[in-house]
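Number of protein chains: 2
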Amino acid sequence: MPVTAQFARAYRITFNALTARSPLITRVPLPATSVRRLYSTDRLAENMTDSNLSIDRAALDSLVLKRFFYAQSFSIYNGVAGLYDFGPTGAALQQNLISLWRQHFVIEEDMLEVDCSIMTPAEVLKTSGHVEKFADWMCKDTKDGSVMRADHLVEAVLEARLEGDILARKMAGVSISSEAGPSAAAKPDAKKNKKKGGPIAATKLENSVIEEFKFILAQIDNYDGQGLADLITKYDIRNPDTGNPVTAPAMFNLMFESSIGPSGNLKGYLRPETAQGQFVNFSRLLEFNNQKMPFASAMVGRSFRNEIAPRQGLLRVREFTMAEVEHYVDPENKDHPRFSEVAHIELPLLPSQVQLEGKSTPIMMRIGDAVASGTVDNQTLGYFLARIYLYLMAVGIKHELLRFRQHLPNEMAHYATDCWDAEIKTSHGWIECVGCADRSAYDLTKHATYTKEKLCVRESYPEPLVTVKLVCETNSKVFGPKLKRAAKPVEEYLKLLPETDLTAIQSKLSKDGKATVVLSGTAADGEYEITPDMVTIETRTITEHVREYTPNVIEPSFGIGRILYSLLEHSFNVRAGDEQRSFFSFKPAVAPFKCLVLPLSGHASFAKPLQDVARRLRAGGVPARVDDAASASIGRRYARNDELGTPFAITVDFQTADDGTVTLRERDTTKQIRASTDEIVELVKCLVHGSTTWDNVLSKHPLVNTSSSDNMD
Amino acid sequence: MPVTAQFARAYRITFNALTARSPLITRVPLPATSVRRLYSTDRLAENMTDSNLSIDRAALDSLVLKRFFYAQSFSIYNGVAGLYDFGPTGAALQQNLISLWRQHFVIEEDMLEVDCSIMTPAEVLKTSGHVEKFADWMCKDTKDGSVMRADHLVEAVLEARLEGDILARKMAGVSISSEAGPSAAAKPDAKKNKKKGGPIAATKLENSVIEEFKFILAQIDNYDGQGLADLITKYDIRNPDTGNPVTAPAMFNLMFESSIGPSGNLKGYLRPETAQGQFVNFSRLLEFNNQKMPFASAMVGRSFRNEIAPRQGLLRVREFTMAEVEHYVDPENKDHPRFSEVAHIELPLLPSQVQLEGKSTPIMMRIGDAVASGTVDNQTLGYFLARIYLYLMAVGIKHELLRFRQHLPNEMAHYATDCWDAEIKTSHGWIECVGCADRSAYDLTKHATYTKEKLCVRESYPEPLVTVKLVCETNSKVFGPKLKRAAKPVEEYLKLLPETDLTAIQSKLSKDGKATVVLSGTAADGEYEITPDMVTIETRTITEHVREYTPNVIEPSFGIGRILYSLLEHSFNVRAGDEQRSFFSFKPAVAPFKCLVLPLSGHASFAKPLQDVARRLRAGGVPARVDDAASASIGRRYARNDELGTPFAITVDFQTADDGTVTLRERDTTKQIRASTDEIVELVKCLVHGSTTWDNVLSKHPLVNTSSSDNMD
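Chains as they are written, first to last, in the UniProt record's numbering: chain L, 1 to 713; chain U, 1 to 713.
Be a bit skeptical, because a hint or two may be false.
Because identical chains share one entry, a pair is satisfied inside a single copy or across any pair of copies.
The calculated lysine-lysine pairs, modelled on DSSO-like cross-linking and capped at a C-alpha distance of 27 angstroms, are [to be verified]:
1) K170 x K204
2) K267 x K126
3) K587 x K700
4) K292 x K66
5) K66 x K452
6) K133 x K267
7) K454 x K495
8) K495 x K477
9) K292 x K608
10) K66 x K454
11) K143 x K234
12) K143 x K267
13) K587 x K685
The hints are simulated quantities; they were obtained by calculation from the structure and are not laboratory data.
All chains should be built: construct the whole structure from the sequences, respecting the hints.
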């Protein structure tokens, strides 16, 4: 296949605009394009943080563990870093996020959901480039052998030195000018790395050194192994825990490796993303879609990355659930048939141009305008940004803590033509939770070239395409015998030659009676003489009925664990005036348990109506949880189920036996109403399925006096 | 912990009743307990097959591939044995099986669903016994190095020889007596292995040899490595493909191995079952359940087994989705609170006693009676058998092709106290699709002992338990100084000593003024002298308020892929009189697509109402598929969507523009009705959610004349 303009664009190494603008460019090692960046969009957007959320993270973490949302895996075996188990609450929350995702994307968009193997033969991931390049740089302590990520090491040590400088200047009473002074704001969440950077020594730095450090930290993701090695040497960076020197950074592939079958000869990796499984099935999927374009495949499943340094709970883990869409589109027409449905939606966009101007406040822009103005590359990308936005709003992410950040030119995978991340703000900073990239034809072309299987679309032209073209045909009787083994490569070369070159050969043949063809990079490199009897070069009228092209791929890729963690932070609340009572204000659609069923007390007469209510809810598809622990007061039981984020509670009390009524309590308002069991069960079903709201219920039912029932004593 | 009676029972090596009864016991190597059996319930129940189903498997396989239910993974890379990708139809079918499973088990039974890590550190799987014993025996061809499962090899070669004998006798015109003749019926589906056993040589065997072979084949799962090695030597078994000798069988662990983290020092395995992740979280789960027993945890997820010889499509694969329940129960009371709800249900049971009598016809028995008579060990096991039955009926497994087979005493995992498999009959024979085992306290005890973390239940007695007991207390002032380092082990030994032994020591001390204690298997083995000043042995009244016990675990374990494959076979149909037209008669609840939406033809006016109908269905949670390919006739489009098993089809035609009506077609009957779009959309929702039936719809709406619409031309 000749290199098309579109393909060349995907391979283009984009000039680093940010670096080019920096006045410091000559003073520090110039960052090369990072290795991992080329193949991964999985980056914590830490350095984009501009302020911290006011959340009591210790209280949240403790509640997460206490109510078993998640916990480190194998904790009775002292746990394994980067592996987490979801408990009943977390697993249900995750499952609900996935169900809504399926409804929102797969069903409503009629995507072809597939479920492919996790274990992947090395050949596939060699072709996709992961074996060579899906890696981070790693250093070893030269004495104790402990291992660290090279970029994290440099980052931590330089940050510690900057902090030491602040300390030294404070102690010396030097005022800190905004121009030359050290900037803790350059890395506002630097404090979480403090421990790793070693003890802070109060050592004043030269102003020029401070500038260097600041520049390096802002660019830390861009250094390759040699770049990091140079920094380590230049600044004598050592393992802060031991003071020992470290080895030069070596590449550490982030895929878990295994071996398939009993012979041990077939190397396999656990997939680092679900995308490749979809790409290798492209032809079957196109066939399944009756050859119609555009269309999308989708997959929800586990992926694996053997992180050198997992951290921050669910935010950088070794095993995670992701949901990915691969939308296949004609590279010459990236319009989306349903774009008009979303064009009016306003999104908080942070385009690369705005970032390059040093700003970090998103701009509210209608997605229709963003595509029209070229801020977002095409309709399909824009359509998905809007759909991602609607999904995140539907699950309960806070609007004001969400932004869509465009990748900087130097930040994109080399094959990507445009890429936007949905970033959600948490107490850890802005977290990349959904990536939405235009992967161009990169993957399909790679797999097709390697396997020699066509992964392309054949479309009939509405009218046959007639072109007039200079073509070269060989005279097999002379051509073959003269060129022997080189005949085939030379013929292929001639067939692919641009028209101008062919014209040159044509005129050479008629002028000199011969022409020379030079092959290189083939199995038959060399110079070959062509004579007029061997070829016919002439203008032909060619009628094409079918157009063949490799689709481009627009890929929205969701990190379910990161969305889940962000949602926990955004839903975490404490009762006004009683900070001990925390609760999660999950929407009913995502809440792990929809309805709590409980008796007023341990009185024996409550058991039967209680089980009856629970059974009716469950049979109606409403996950209900009974809390009949007689030892806990009703208030305490309400409180501990508020901690699970259960939105509704039905209470059986003494009146139930008399008149068959029960009470219904809502979590956020703690208000209660009373009605017949039948009516309350139906109401809960409607509330959970979203066909009514609590406000609506309150407008039709009088409040019950609950002055004492929410008392925890 | 002292070895309790219950625990001892779990460890008991059950005497092999079948072997003991065989008159051939002295003539062939006695099978030892197989290795894999101890840890795996994943066995194809091939040798239980008594007849084949009449199904055109080639037609089924071709439809499965054509409509992308599943296909071998990475097929453009020539595929990997034992790995499969589910396409849009298969993935949706699988997802629906899982959704129904969640509704049926997790929600209706209020189970605690968790989602744990696949990557598991070696330590955990060493403790559970998998590292040592989750293995098959493997032979290598001594010349070409090809690898085969030892039991499969022996099986294939002996079967080929038996077939050769039949051939020889036929050629010799010898009549085959039922007593001494070779029995193809001993292995009715032997033919599928024919190729593997090598070419059939017409060689007559001695009658005694035939008996030996038959006996060995019936017992093939029971041979260990040495047993298989002996068979290979004795019968000169070679690789049938090459005629070369094979190596002695070596153990091949079936877990995929990897390494966690950058240091390479932490070995990990991909989990072979989801159970261990649940067990190690037992304490958190009990806490989450407010300490109440009994309760169950559950998990749906991927597991991995690096099979030596994957085969038969989805039936023996290397990566599979399973759904497992771990129900924790008091070992002294295995009653189930909801047993009365299922006691009346009749199940097709095949108890071990019936199998030992050589019969294979299940007995229809009410589960209440089966538990009362001791056929099924306890109520909880019986409750789950009934619930499994209801689930399999609900998804569409045919009642007459289902049986519950009890494990034979020699077939159970050594820790299991009772085990039943739900086996589904397919054209491959009876397939174990759900295992339901009482795992006793095995796993929790193992993990607790190794980690020294308590994995047990503490329950207050309703009344304090008062016991009178002989106890031994040490006098620390004398005991320690005298015994020094041995003091602690000797003290522990004395504390755990049964009352009779303690009485003996007491009388020795008073008689001889000393007694000797012998320790073995401790860190301080040896003989130690005890004198009366060192200990006080006397009767005490002990009041216990809390009972501490390790729960037993009842485990229903579902192979989703196997159920899915069985369902494909049970749902596969051809139209009477037109065998080219096949379809899947899936129930709406499991069907991959619920409703097809299509225009009568490619007429432009159909586009808008078509999209309108599709959008309304999808927004209502009904996965709808549009088939508007103008090139295919309406009949052809009905037919190809019947192949997907889509139960309903809404057709937009010329009348739609006039009066807003559309037609609704049902797949199995191919009958159609007509009504307004609003009404039809609502009807489809009701049909899909199960709130009405097609018969009911037909009783209220007149049929539309469809004489031509189901014509494929």
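Quick rundown of the hints versus the structure:
no.	hint	in the structure
1	K170 x K204	within (10 angstroms within a copy, 100 angstroms between copies)
2	K267 x K126	both (11 angstroms within a copy, 24 angstroms between copies)
3	K587 x K700	within (21 angstroms within a copy, 40 angstroms between copies)
4	K292 x K66	between (51 angstroms within a copy, 17 angstroms between copies)
5	K66 x K452	between (54 angstroms within a copy, 22 angstroms between copies)
6	K133 x K267	both (17 angstroms within a copy, 24 angstroms between copies)
7	K454 x K495	within (20 angstroms within a copy, 75 angstroms between copies)
8	K495 x K477	within (18 angstroms within a copy, 101 angstroms between copies)
9	K292 x K608	between (57 angstroms within a copy, 18 angstroms between copies)
10	K66 x K454	between (53 angstroms within a copy, 18 angstroms between copies)
11	K143 x K234	within (20 angstroms within a copy, 57 angstroms between copies)
12	K143 x K267	between (32 angstroms within a copy, 23 angstroms between copies)
13	K587 x K685	both (14 angstroms within a copy, 25 angstroms between copies)
In the structure shown, no violation is registered for any of the earlier numbered hints.
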